[in-house]
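Construct the complete structure from the given sequences, taking the supplied hints into account.
Given next are the chains, with one letter for each unit.
2 protein chains.
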Amino acid sequence: MSAIHEEERLDQMSNTLKLLGDKTRLTIMKLVDEQECCVCELVEIFKASQPSISQHLRKLKDAGLVKENRKGQWIFYSVNPDSKQNELIRSLLSSLPSQVYKIEELEKKGLRISCG
Amino acid sequence: MSAIHEEERLDQMSNTLKLLGDKTRLTIMKLVDEQECCVCELVEIFKASQPSISQHLRKLKDAGLVKENRKGQWIFYSVNPDSKQNELIRSLLSSLPSQVYKIEELEKKGLRISCG
DNA sequence: TGCGTATATAAGCATATGCTTATATAATGA
DNA sequence: TCATTATATAAGCATATGCTTATATACGCA
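Residue numbers (numbering that gives the first Met the number 0), protein chains in the order written: chain F, 0 to 115; chain S, 0 to 115.
Some clues are possibly wrong.
Heads up, the list lumps identical chains together, so a pair's fine if it works in one copy or across two of them.
Lysine-lysine pairs mimicking PhoX-like chemistry, simulated, CA-CA at most 20 Å apart [stated by the list, open to error]:
hint : residue 1 : residue 2
1    : Lys107    : Lys22
2    : Lys46     : Lys108
3    : Lys83     : Lys66
4    : Lys108    : Lys66
5    : Lys17     : Lys60
6    : Lys58     : Lys22
7    : Lys58     : Lys17
8    : Lys58     : Lys107
9    : Lys107    : Lys46
10   : Lys83     : Lys70
11   : Lys17     : Lys107
12   : Lys22     : Lys46
13   : Lys66     : Lys17
Calculated directly from the structure, the hints in this document are not laboratory data.
This is how it looks when you write it as structure tokens:
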């Protein structure tokens, strides 16, 4: 209703879109929406450095878009279903092609982390 | 199906989201989706400089997201319904609050351009 | 406790981005 | 044709962004 809220909505959406306007982060989101992944798996999948992936995840986490789940020495990331932007996220990710095959490739190489 | 197309889709979407990850451009898109606007109107609405608005419009046009419609000395911009990203654009804009009130404010100030 | 693995953070750097000012181009109307 | 208005483009600059390398922190296990 009020212009105040309208401004907020525009701010929120543009901030979220800016975050997802990076191919690596957008793909991470799609991937961890389908299957929670730990950092080292993402490093392998994206052929990126560990700090680079870690920094992307930090931005996504700071925005509340992903959540962590520590399992021993690994930290698994997944899409945060309680995010304020969840509707938007759902809509965006639903129109992207599945990235599960990337995880399956990992598995074939024996690089998939599986712990309890 | 193919990983090639999947990569393309991710590229396309992340590029589009990056463009709309700017509050000014996102708002311009919502605005000109509801009512075509010329540059000088946008300058007034956003309290921005003419070159700044012009440069934002250039980016949107280069990406095929908006189209031009010259009327005399003015160039009116509107959302391009034939954009490759039209579905995505429709989805995003539909969840944003109407910006028509900004045009109405212009009208009150007598700054609305109307040329039939 | 100490070592190896996983992850996060800090600092530095090159490039991208969005603004500014200045100028060019295009259209209107006297 | 000339002045005015609208718009686009170019160049320069400050800040943002995403990577790198180096280092810190956290956990598991011997």
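Hints the structure fails to honour:
1, 4, 8, 10 and 11
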